[in-house]
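A.B. asks: Since the structure of chain V is already known, use the hints to place chain H on it.
The primary structure of each chain is shown beneath.
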Amino acid sequence: MQDNPPPEQILDIAIAHLRDNVLPTLSGRAVFDMRVTISALELVCRSIVLTPGSDAAERQRLSELLGQDGDLETLNRALCDRIASGALDLQTPGLAAHLRATALEKLAVDQPNYSAYRRARQSQ
Amino acid sequence: MSATGIDIEKLNALAPKLTPGGRAVSDLKRLSGGASQETWSFKLATPEGEARLILRRAPESATARTLAISLETEARLMRMAGEAGVPSPRVLHVLAPKEGLGAGFFMAHVEGEALGGKIVRDAAFADTRPMLARQCGEILARIHALAPPADLPVSGAAHTIDELERAHREEGWPRPVFELAFRWLRANLPADASLTLVHGDFRNGNLLIGADGVRAVLDWELAHVGDPMQDLGWLCVNSWRFGAIEKPVGGFGERQDLFAGYEAVSGVAVDPARVRFWEVLGVLRWGIICTVSTTVLREAGPFAIDRPMIARRASETELDLLDLLEAR
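These protein sequence lines map, in sequence, to chains V and H. Residues in the first sequence are numbered consecutively from 21, following the working numbering. Residues in the second sequence are numbered consecutively from 223, following the working numbering.
With the rest of the complex left out, here is chain V (with noise of 0.2 Å):
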């Protein structure tokens, strides 16, 4: 077991410090290449929350739908097969939740401000 502070929490200082303190510096492409620097920082921030949950989901619906175990991404590519040779589409019960689902994972660490993804969150 690891100590605390959790590593999201140091992360978190180290973006405030980058965007309150270091970004105000700045001119020119830098300033814009910081902005991404940050953005990329909060996106780690995001998957060291949020992916151990959503890889055991995404694993536990994979298992399911295909009747099989193994890691995440021989199953993605079990997955992939399947649908390439037709054997399983969306009028298959539970694909269309699980890819749906999956993309809202991904999304949740990628760019949790996208349109659709706000559009999706805003319905369930």
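Just so you know, these hints were derived from the structure itself, not from any lab. Note that this is a predicted model, so its numbers are computed, not measured. Do not take every clue at face value.
Pair by pair, the computed Cβ-Cβ distance ranges are [as the list claims (entries may be wrong)]: (1) V:S59 <-> H:L417: 38 to 46 Å; (2) H:L337 <-> V:S47: 13 to 21 Å; (3) V:D32 <-> H:A330: 46 to 54 Å; (4) V:N133 <-> H:R391: 58 to 66 Å; (5) H:G339 <-> V:I68: 26 to 34 Å.
Partial pick of chain V residues on the chain H-facing surface, computed with a CB cut under 8 Å [stated by the list, open to error]: (6) S59; (7) A60; (8) R81; (9) N96; (10) R97; (11) L99; (12) G106; (13) K126; (14) L127; (15) D130; (16) Y134; (17) A136.
Every residue, glycine too, gets a C-beta built ideally from N, C-alpha and C.
C.D. replies: Okay, now just chain H, sitting in the frame of chain V:
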């Protein structure tokens, strides 16, 4: 960015060719561009006062562009489009090899806003937005009526899907939603279209907008011969709505206005199902462009923090594809 990389003396030597009586160049700055292509802005002293010009060029060290047409062809298309009534910057001079500045061309600066987010949100464009979708339809009809130069690549729907699938297999990462989209596209391939000139990247972000509407169509580098409905579908891709998801055309307008403008100029009825097919293909295309960003990253391209962030935007297209395929 500094002006390093452009020989100002060579630029000064060209001044009379750019504008009659053109003399000295000043205020040279780089606007944007990657490793293979640059956009520069500068002022030119002329007898009528100072004029602002734009240079689009590939440095001599990087003249090979993979997906894109040559800059000479791009300049030719822009001239043709301008003569046919498509809002276009005036092309002033195409670089010759002996001029020593690489490949590219000069054009007149056009005043306007190209940032998609501002166009869909700023109060300054509130009265402009409702007219844009129809204007885009009219402009696209004029573009599609142009005679394509003989050296343009030809790519219809089936070929476009094959190329995308090749890029996707090369990335090698399992993406079940993309598999679903490939299946859907092949099952819903429209009948062969009569092929026309296609702009290839006609979207919010590549249009200069003023209070009176579209002032210039930019970035012809993906022009090719293909299904004209590709341009209409691409303009509706959610990523180019810049958050204004409820306005399907570029985040500023409605499909019915786009189609009406197109039909009024071309006399050709728009088939909404065909446009929708190209919207699905467009979303998948943007998703795969994002993932290719990862491949570039693995190959240790030039350091750019936005690369991995673009790669992580592929998930946006997965949700957009599901919304389209489930018809939400």
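A.B. asks: Give a verdict on every hint.
C.D. replies: Comparing the hints with the structure gives:
no.: 1; hint: V:S59 <-> H:L417: 38 to 46 Å; result: holds (41 Å)
no.: 2; hint: H:L337 <-> V:S47: 13 to 21 Å; result: holds (19 Å)
no.: 3; hint: V:D32 <-> H:A330: 46 to 54 Å; result: holds (49 Å)
no.: 4; hint: V:N133 <-> H:R391: 58 to 66 Å; result: violated (31 Å)
no.: 5; hint: H:G339 <-> V:I68: 26 to 34 Å; result: holds (29 Å)
no.: 6; hint: S59; result: holds (6 Å)
no.: 7; hint: A60; result: holds (6 Å)
no.: 8; hint: R81; result: violated (11 Å)
no.: 9; hint: N96; result: holds (4 Å)
no.: 10; hint: R97; result: holds (5 Å)
no.: 11; hint: L99; result: holds (5 Å)
no.: 12; hint: G106; result: holds (7 Å)
no.: 13; hint: K126; result: holds (4 Å)
no.: 14; hint: L127; result: holds (5 Å)
no.: 15; hint: D130; result: holds (4 Å)
no.: 16; hint: Y134; result: holds (5 Å)
no.: 17; hint: A136; result: holds (5 Å)
Hints 4, 8 from the list above are not met by this structure, while the remaining hints are.
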